[in-house]
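The numbering of the sequence shown is our numbering, which starts it at 2 and goes up by one.
To be clear, the hints were calculated from the coordinates, so they are not data collected in a lab. This structure is a prediction, so every number in the text was calculated from the model and none was measured. The beta-carbon is built from N, C-alpha and C at its ideal position, and this holds for glycine as well. A hint or two may mislead.
What the hints assert, rightly or not - Cut-off 25 Å, straight-line C-alpha distance, at most; resulting in silico cross-link-like pairs (DMTMM-like, lysine to aspartate or glutamate):
hint, residue 1, residue 2
1, Lys15, Glu26
2, Lys134, Glu99
3, Lys15, Asp184
4, Lys25, Asp89
5, Lys162, Glu188
6, Lys162, Glu26
7, Lys15, Glu28
8, Lys162, Glu150
9, Lys25, Glu150
10, Lys19, Glu150
11, Lys15, Glu191
12, Lys25, Glu64
13, Lys66, Glu26
14, Lys19, Glu163
15, Lys25, Glu176
As the list claims (entries may be wrong) - So the derived label-pair ranges between C-beta atoms look like this:
hint, residue 1, residue 2, range
16, Met98, Asn68, 40 to 48 Å
17, Val100, Ala156, 23 to 31 Å
18, Asp77, Met153, 35 to 43 Å
19, Asp89, Lys25, 43 to 51 Å
20, Asn135, Leu193, 21 to 29 Å
21, Ala183, Thr63, 32 to 40 Å
22, Asp89, Glu26, 28 to 36 Å
23, Glu176, Leu83, 42 to 50 Å
24, Glu188, Ser90, 44 to 52 Å
25, Lys25, Met153, 33 to 41 Å
26, Val21, Glu159, 37 to 45 Å
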Amino acid sequence: MTYTTPVDVPALIKDFQKIVVELKESEKINQSLTYAHRVAEVIQRRGGDAALRHVPGQDSETEHKENRNRQLRDLDSENRQLRQLYEDSQWTLHLVMEVHRRQLEAHFGRNNNPSTSPTISDSENGNRDKLYKNAAIMARDVNQVFEHEQQMNEAFAERIKELEIENEVLRCVLESPSEWDADAIVEQLEQLDADTLVERTEHADTFVERPEQSS
């Protein structure tokens with residue numbers, strides 16, 4: 002059985018393994034820094050008004066926190082801008098549709114009143130042609146909006162599927178022994194995928210209604 006997904010699983014496993022190693026190293030560094038800070042506090046309390054001693058890594062840790070907070074603020078600002086852009090586009094679409102709706106109501110409302118003249122003037126012909134063109138433009142724009150919405154929904158569904166696979170791979174990497182390589186993790190994923198398929202099949206079979214036998 003081949004574990005076929007839209008995600009490059011072996012490359013993803015290697016990236017996750019590297020991240021896990023870096024996180025463990027970072028955790029060790031943070032523990033060392035925490036211990037160093039506690040030692041510095043003890044020295045400060047015993048030294049009274051003595052000048053604070055420099056703790057190795059303290060400046061870099063503060064800079065790391067500031068950079069992380071700055072990145073979070075930038076992401077939050079970008080999300081707000083995207084949300085505002087989406088709301089503006091929705092409002093613009095509403096205004097355009099409202100203009101076309103009023104034009105259609107005005108035209109068909111005039112046609113509901115029978116004209117006393119048996120002939121149609123050139124201006125009325127021009128207005129009718131303009132109305133047909135506007136209606137065609139409106140239909141095209143509405144169709145484009147629907148197509149764009151469908152594409153966005155398909156893109157969201159595809160991204161959700163990729164995230165589910167990435168979460169499954171990350172969970173397998175975290176739960177696997179450290180000496181496992183990418184091939185061993187892929188085999189584990191294939192086994193998990195096969196077990197999940199069997200479990201779903203058995204679960205579905207329990208809901209199959211058997212036909213009653215005639216007496």
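How the hints compare with the structure:
Between Lys15 and Glu26 the CA atoms are separated by roughly 17 Å; this keeps the pair inside 25 Å, and the hint holds. Among the hinted pairs, Lys134 with Glu99 is consistent with the structure: their alpha-carbon atoms are about 16 Å apart, no more than 25 Å. This hinted pair checks out: Lys15 and Asp184 have alpha carbons roughly 10 Å apart, not beyond 25 Å. A threshold of 25 Å between alpha carbons decides the hint, and for Lys25 with Asp89 the separation of about 45 Å lies outside it, so the pair is violated.
Proposed proximity of Lys162 and Glu188 is supported: the alpha carbons are some 20 Å apart, at most 25 Å. Distance hint between Lys162 and Glu26 is unfulfilled; the C-alpha atoms sit about 31 Å from each other, more than 25 Å. With a C-alpha separation of about 20 Å, the suggested pair Lys15 and Glu28 falls inside the 25 Å cut-off, and the hint holds. Distance restraint check for Lys162 and Glu150: the Cα-Cα separation of roughly 18 Å lies within the 25 Å cut-off, and the hinted pair is therefore satisfied.
Taking the CA atoms of Lys25 and Glu150, the gap is about 43 Å. The hint is violated against a cut of 25 Å. Between the alpha carbons of Lys19 and Glu150 the distance comes to roughly 38 Å, so the proposed pair goes past 25 Å and is violated. At roughly 17 Å between alpha-carbon atoms, Lys15 and Glu191 fall within 25 Å of each other, so this suggested pair holds. As the CA atoms of Lys25 and Glu64 are separated by approximately 20 Å, the hinted pair is consistent with the 25 Å bound.
For a cut-off of 25 Å, the pair hint linking Lys66 to Glu26 stands: about 17 Å separates their Cα positions. At roughly 20 Å between alpha-carbon atoms, Lys19 and Glu163 fall within 25 Å of each other, so this suggested pair holds. For a cut-off of 25 Å, the pair hint linking Lys25 to Glu176 stands: about 14 Å separates their Cα positions. Between Met98 and Asn68 the Cβ separation comes to about 45 Å, which falls inside the hinted range of 40 to 48 Å.
One distance hint, 23 to 31 Å for the beta-carbon pair Val100 and Ala156, holds here, with the actual separation near 30 Å. For the pair Asp77 and Met153, the beta carbons lie near 22 Å from each other, so the given range of 35 to 43 Å is not met. At roughly 45 Å, the beta carbons of Asp89 and Lys25 sit within the given window of 43 to 51 Å. For Asn135 and Leu193, the Cβ-Cβ distance of about 57 Å falls outside the hinted range of 21 to 29 Å, so the restraint is violated.
In this structure the supplied range 32 to 40 Å holds for Ala183 paired with Thr63, their Cβ-Cβ distance being about 37 Å. For the pair Asp89 and Glu26, the beta carbons lie near 45 Å from each other, so the given range of 28 to 36 Å is not met. At about 35 Å, the beta-carbon gap between Glu176 and Leu83 misses the expected band of 42 to 50 Å. Here the CB-CB span from Glu188 to Ser90 is close to 47 Å, well matched to the stated 44 to 52 Å.
For Lys25 paired with Met153, a C-beta distance near 39 Å keeps the hint of 33 to 41 Å intact. Remark: the range hint 37 to 45 Å for Val21 to Glu159 is contradicted by a beta-carbon distance near 27 Å.
Figure legend: structure checked against the earlier numbered hints; hints not met, in rising order: 4, 6, 9, 10, 18, 20, 22, 23 and 26.
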